[in-house]
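Chain order of the listed sequences is U and W.
The first sequence runs 1 to 245 under our numbering.
The second sequence runs 1 to 245 under our numbering.
Just so you know, the hints here were simulated from the structure itself, not pulled from any lab data.
Any given hint might turn out to be false.
Here are the computed lysine-lysine pairs in the DSS-like style, where the Cα-Cα straight-line distance is at most 27 Å [what the hints assert, rightly or not]:
1. W/K90 / W/K74
2. U/K74 / U/K22
3. W/K22 / U/K74
4. U/K46 / U/K74
5. W/K74 / U/K22
6. U/K46 / W/K90
7. U/K74 / U/K90
8. U/K90 / U/K193
9. W/K46 / W/K90
10. U/K22 / U/K90
11. W/K74 / W/K22
12. W/K46 / U/K22
13. W/K90 / W/K22
14. W/K193 / U/K74
Pulled from the structure, derived: some chain U residues nowhere near chain W, Cβ distances all over 12 Å [as the list claims (entries may be wrong)]:
15. D35
16. L41
17. N54
18. S72
19. D93
20. V100
21. A103
22. A119
23. E120
24. T125
25. V150
26. L215
Virtual Cβ for every residue (Gly too), placed ideally from N, Cα, C.
2 protein chains.
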Amino acid sequence: MAEIAPDKLPAEPDADAPSEMKTLADRVFARLQDDIVQGLLPPGSKLGETELANRYGVSRGPLREAIRRLESRKLVERVPHAGARVALLKESDLVEIYRVREALEGMAARLAAENMTDAEIAGLTELLAQHERQPGVQDDTEYFQREGDVDFHYRVIQGSHNATLIDLLIGEMYHRVRMYRYQVATAANRPQKALAEHRRILEAIESRDGEMAELLMRRHISRARQTLESRALEEKNSETTDIHD
Amino acid sequence: MAEIAPDKLPAEPDADAPSEMKTLADRVFARLQDDIVQGLLPPGSKLGETELANRYGVSRGPLREAIRRLESRKLVERVPHAGARVALLKESDLVEIYRVREALEGMAARLAAENMTDAEIAGLTELLAQHERQPGVQDDTEYFQREGDVDFHYRVIQGSHNATLIDLLIGEMYHRVRMYRYQVATAANRPQKALAEHRRILEAIESRDGEMAELLMRRHISRARQTLESRALEEKNSETTDIHD
DNA sequence: AAAGGCTGGATTGTCGACAATCCCGTGCCA
DNA sequence: TGGCACGGGATTGTCGACAATCCAGCCTTT
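Turn these sequences into a full structure, and let the hints guide you.
Encoded structure:
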């Protein structure tokens, strides 16, 4: 087997100054997660250890560790001697997740209203202003948020200042939901309404009204779930007559 | 370094018929988790890879995988080039966990009231009857529940029939709480009250009253947290005058 | 004597090879 | 013709060794 340009990942500690060099397994993990979440490795596809090891230019050791970590995040499923595949999640799974998010993020919103610093609230206000200027939102076609601290929900969760809660929501559920978004390319099909709800939640947080923040957040996520369920339903209906589009 | 009786784990596929043989890493993981939760490996102690590999009679490969899995369960902490140590959790962490449990197990109780089968409810009734006959409960000294399906909370969680919720509560928080129980040897210092509360929760589930079940479960956990906090507080007070006992 | 740098030892991270297991296609047999 | 046993091939699980990194103690220097 010839050397087929193993698409090295940034290993040399050259000019990535503030970035961290970490360990090999860490980089492979980050890279693999991106490739999975963004759909480059489609759900259900096999993750051959040898293949991926060559692809990322590392040995099977670090790669196995990366896969193991992705498994704990429920992004891949592994069966003992058969290999690992990218997890594919059914609508029923996603609905379950949304029901749990309703409880958890509702709690996070309440804690955020109680615990967020004034600086954090100011930053969140600025963030929503940016979102409003987004082109897709203006014409009501899409309201897409990139990963991390430019995501409204992400920031509210962090604002709870409860490490356990943050870990559950970010480490355990966040990326799965994001993966699904990429899967069905569903850019949240009610952009302006969603943004308006975000704004009202922020108002509750600003006035330190925990109960209100929780109520609004629960409602917000509940609505998202309902649109999800209804869309899944009509898909199932049209499914019997034709193969979409 | 001589062969010092490497305390083999049950590797031979002889007479453990219904048991699972799984993979080596699986067995090491289960074994290590027990040793940690039960305090055989005290919190903060170092987990040398070579040492443990010899101790369990396996190579470092499977052992690393086991440690990685325990890390994702927050039972051990690992820093890149320094090694892994048994996680030690402060009371503040535990209080956080209890606050999240309040939301999550409350939801689980509600779902359990809605979704549990009659057979499951009957089994749960029988379980509580057994708990009542426990000696430690009779004289109000301790109410200790072993791990797994002989634990009331464990069964209610399972009864929710929500895989995501089960995974969060069991896979992510359950064992940490159990570890702490072993750490401080605190055999839930209000046995009869706790059992009585369990019984009332069961009654709500039996009558399929989800709201009531949620309310009672939240109250139950909230009380547990309060006793926890007050005990931690008086510990901190006596700490300034003498070294306990 | 204290601070700082350096070397030795030990531990973790990584690698390549071997062994065990499973999947699948082939051929035999009813 | 259908079903079942059996290998061949490939993939995963496991192992031992090498390389990189970190930590502790000693020595040097001011």
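Each hint, compared with the structure:
1. For the proposed pair W/K90 and W/K74, the alpha carbon gap of about 13 Å is at most 27 Å, so the pair holds.
2. Taken as a hint, the U/K74 and U/K22 pair is honoured in the structure, with Cα atoms around 23 Å apart against an allowance of 27 Å.
3. Distance restraint check for W/K22 and U/K74: the Cα-Cα separation of roughly 20 Å lies within the 27 Å cut-off, and the hinted pair is therefore satisfied.
4. For the suggested pair U/K46 and U/K74, the alpha carbons sit about 15 Å apart, so the restraint of at most 27 Å is met.
5. A hinted pair counts as satisfied when its Cα atoms are at most 27 Å apart, and W/K74 with U/K22 qualifies at roughly 20 Å.
6. Our distance criterion of 27 Å between C-alpha atoms is broken by U/K46 and W/K90, whose separation comes to about 41 Å.
7. With a CA separation close to 13 Å, the supplied pair U/K74 and U/K90 stays within the 27 Å bound.
8. The hinted pair formed by U/K90 and U/K193 meets the criterion: a straight-line CA distance of about 26 Å does not exceed 27 Å.
9. Only pairs whose Cα atoms come within 27 Å are accepted, and W/K46 paired with W/K90 is accepted, the gap being roughly 18 Å.
10. In summary, the hint linking U/K22 to U/K90 is not supported, as the alpha carbons are separated by about 35 Å, beyond the 27 Å threshold.
11. Note on W/K74 and W/K22: the hinted pairing holds, with a Cα-Cα distance of about 23 Å set against a maximum of 27 Å.
12. Pair hint W/K46 plus U/K22 holds up; C-alpha atoms about 21 Å apart against a cutoff of 27 Å.
13. Under the criterion of a C-alpha separation no larger than 27 Å, the hint pairing W/K90 with W/K22 is inconsistent with the structure, at around 34 Å.
14. With a CA separation close to 38 Å, the supplied pair W/K193 and U/K74 exceeds the 27 Å bound.
15. The Cβ of U/D35 lies farther than 12 Å from every Cβ of chain W, with a closest approach of about 20 Å, so its non-interface assignment holds.
16. Every Cβ of chain W is farther than 12 Å from the Cβ of U/L41; the closest lies at roughly 21 Å, confirming the non-interface assignment.
17. Look at U/N54: its CB is around 20 Å from the nearest CB on chain W, clear of 12 Å, so calling it non-interface holds up.
18. Against chain W, the non-interface label of U/S72 is violated: not every CB pair exceeds 12 Å, the least being about 4 Å.
19. With 12 Å as the threshold on Cβ separation, the claim that U/D93 sits away from chain W is violated: the shortest Cβ distance comes to roughly 7 Å.
20. A beta-carbon of chain W is positioned within 12 Å of the beta-carbon of U/V100; the least distance is around 5 Å.
21. Taking the minimum C-beta to C-beta distance to chain W, about 5 Å, the non-interface status of U/A103 is violated against the 12 Å cut.
22. Even its closest Cβ contact with chain W, about 23 Å, leaves U/A119 beyond 12 Å, as expected for a residue assigned away from the interface.
23. Here U/E120 stays apart from chain W, with its beta-carbon at least about 19 Å from theirs, past the 12 Å limit.
24. Listed as outside the interface, U/T125 is consistent with that label: its C-beta sits roughly 27 Å from the nearest C-beta of chain W, beyond the 12 Å cut-off.
25. A cut-off of 12 Å between C-beta atoms confirms that U/V150 is not in contact with chain W; the least separation is 26 Å.
26. Once the 12 Å rule is applied to beta carbons, U/L215 is consistent with being away from chain W; the minimum gap is 14 Å.
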